[in-house]
Amino acid sequence: GEDVEQHPSTLSVQEGDSAVIKCTYSDSASNYFPWYKQELGKGPQLIIDIRSNVGEKKDQRIAVTLNKTAKHFSLHITETQPEDSAVYFCAATGNQFYFGTGTSLTVIP
Amino acid sequence: NAGVTQTPKFRVLKTGQSMTLLCAQDMNHEYMYWYRQDPGMGLRLIHYSVGEGTTAKGEVPDGYNVSRLKKQNFLLGLESAAPSQTSVYFCASLWTSGKWPGELFFGEGSRLTVL
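Just so you know, the protein sequences line up as chains G and E, in that order.
Heads up, the first sequence is in our numbering, so the first residue is 1391 and it goes up one at a time.
Heads up, the second sequence is in our numbering, so the first residue is 167 and it goes up one at a time.
This is chain E alone, in the form it adopts within the complex (with noise of 0.2 Å):
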């Protein structure tokens, strides 16, 4: 059992350059997440989506695109990265038992650099 995983988990770019991250969950979980992790600041929701084909905008989205064209996998994009996105990102994806909320399952994050 795989869990969440995150492809790739390093990359560098360069100012302007786009890349795609994908998260998949084998877990058949609803609601999946995508959050960035910088020093002092803690996990920060970037973009969410609550079932396949439906996306939201957490507290950081500026500059980030999602899709969510399948249950299991969730894609993170960004279409000219800045140096201010360098970061590290984690996916995860919530198992709830019937009682809201449940427990977050993370992958194990994808550092990014932009240079």
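Excised from the complex, chain G in its bound form (with noise of 0.2 Å):
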């Protein structure tokens, strides 16, 4: 199956600053990659996902950029806010969805 390995563990940031989680797959057929926030008590919810076929997509302060030829794929939070502090997923998809280990972010007010 697939291997999706996940960097950092934890990330603490100051309130503002930006915070980056970096991912890398083993399975060149997966071809689509979502990110998941899964908030205390809470099951994990998507927050933005990139196809194949695409390098960068943005929705307001998040964006995740792919690079299909190294196999890694990022997920970019800018001007973190006190909300934005939970634990992160990356998975990527072929048949299934294969999950990485999970960033716990914090964000310092």
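Be aware that a few hints might be false.
As the list claims (entries may be wrong) - Distance condition first, Cα-Cα at most 25 Å in a straight line; then the derived SDA-like pairs of lysine to any residue:
#, chain 1, residue 1, chain 2, residue 2
1, G, Lys1412, E, Asp204
2, E, Lys237, G, Asn1485
3, G, Lys1458, G, Asp1393
Just so you know, the hints here were simulated from the structure itself, not pulled from any lab data.
Assembly of the complex is requested from the two constituent chains, each provided in isolation within its own frame, with the hints serving as guidance.
This is the structure:
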């Protein structure tokens, strides 16, 4: 199956700074790369996704970039706010969703 | 619109006991999944279903059984619970809009402790 690595496992930033989370995958057949946000005590929710025919996608303060050649993709959050504090999961998807191990982001007011 | 509902939310079991987790979705989704979430290991797929009456094994199926008798319900069973099955379990259903895949909708999780 697919092997997805996610770094860092924990990340602390000052409010207003940017945060970057990186993932790598192993299966070149994967073609869909979503990011999920999990708030404390809740289930994960989709925040942004990118397909393999696109290199970058942006939605307000969040953006995702994809480098298919290098098999890595990243989540960028700009102007971070305390409500961005959560656990973020990347996933690589072909026939199934394969999730990374998660990044716990803390935004310090 | 309730989305995906899991019951129970918390449960403590003794080793060897059995139990069933219930997942219900009201979005008419075909695909449903059971994941477990453990510290440092992310979300791992236990079993999934591509439609009513179907089930298939995921990445970590041992010790679990599932059933999908009705489209809206997906049950996860533990026949003889073990401490290694202490985890948070998430059910999800998949919305596809014609472009594979679509968005996973997760329940709020069921925290299971096996003593």
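Consistency of the hints with the structure:
no.: 1; hint: G:Lys1412 <-> E:Asp204; result: holds (20 Å)
no.: 2; hint: E:Lys237 <-> G:Asn1485; result: holds (21 Å)
no.: 3; hint: G:Lys1458 <-> G:Asp1393; result: holds (15 Å)
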